[in-house]
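According to my numbering, the sequence shown is numbered sequentially starting from 211.
Among these hints, one or two may not hold up.
Claimed, not checked - Straight-line Cα separation of at most 27 Å, DSS-like style, residue types lysine-lysine; simulated pairs:
(1) Lys576 - Lys564
(2) Lys564 - Lys541
(3) Lys564 - Lys496
(4) Lys576 - Lys541
Just so you know, the hints here were simulated from the structure itself, not pulled from any lab data.
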Amino acid sequence: MAVQGTATPTPAASDTGEGLLELFTVLQRSLEQLVATQGRLVATVILLVVLLFSVVAVPAALSRLRAVAADRTGDWVQVMADYTPTTIRGVFLRIAQFSMVVLVVISFLIVWGIFDVVQTVGPYLDGSDQSVLATIQTVVLVMLAFVLSDQMQRWISRFSQAVTGFTEHQEEILLRLGQVTVFVTIGATVFAVWGIDLSGLLVGAGFLGIVVGLAARQTLGSLIAGFVLMFSRPFTIGDWVLIGEQEGIVTDITIFNTRLENFDGEFVIIPNDRVSDRAVTNRSRKGLLRLTVDIGVDYDTDVDRAMDLAREAMADIEHVVDSPTPDVVPKDFGDSAVVMELRFWIDHPTPPRKWRAISAVVRGVKATFDEEGISIPFPQRTLSNRVDTADGESPEHGVEMRPDGDG
């Protein structure tokens, strides 16, 4: 890393430096008149009071002044405050406080004869040294970086509100990318201001990137997968998902991992590269979830009538949505019953809502079948034995076993 070029004073830098040098000279002559110890002590006390005022009282005074101005001038003060970036106000306040502190410290050193402004600061302010101008430019660029970062957060927030489907995760990622871009650009500009050649630094950064890439393949894979998830959006925070064998509610999505809270209250952290390699089932993406319950009726029962009664029972349940409508489908011939599948939908699906809906459907259909005399049979088994007779025939005698114990 090499510094190129020779500093050459410019007229603007020379004029600015001469003005500051003249100001410091006047300040030094005024304070050097306090030669007596008593005068120096009084000046020290005054400087300490000014220092305390600049650090503590200035912010409170500015807030009070703003409140008084708002009361007397109307809403335009508030409008200006709203459209002025918070970072600008904070930066100027800190610059004012820092300037006061520096001025007080220099004054203190001059009063006690410790510091000579002309001999110490003069070579830097007379235009023969470009470091002052470069320092001023660096300070301005750093301020600009923080102001742009603050404004970028507002711009992205307004953009996300105007665009449908823009998630908080995408907003955060876009903000971080924008901030990195701003600070990298400002940093490169600062290097250019100081005449630093970046070619060697870039070559070294390239080799370092290769080494880091080989050593942290999994981390970089998770990082890239995080960006893929940001744009593909298979799920968002609050969704009920099944990722591989892990099921739960998405609580956080970062660049490197996805966090779930399962139904046992445990938090599961899954690296994003594993999320992208596994099947993802989003149970709440559309806002509706279909549930099924199997139920059996006796073979002697009118199946069509049982299906109609089950539909009516599900339609009256609060947790079941009206559209799509509940349905009943004959599913199978069981050992002891005709098996029917109850199909119904719930909105805003969550595990608690799922189990509440299933419980309500089971209770409602069971109560309706009991009222209408439709039985839900227990498993039944018919036993038979072989009896040998004199003529060699072996008739079968069957005994049907029922759950109530009657043969």
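Do the hints match the structure? See the list:
no.	hint	verdict
1	Lys576 - Lys564	18 Å, holds
2	Lys564 - Lys541	22 Å, holds
3	Lys564 - Lys496	15 Å, holds
4	Lys576 - Lys541	18 Å, holds
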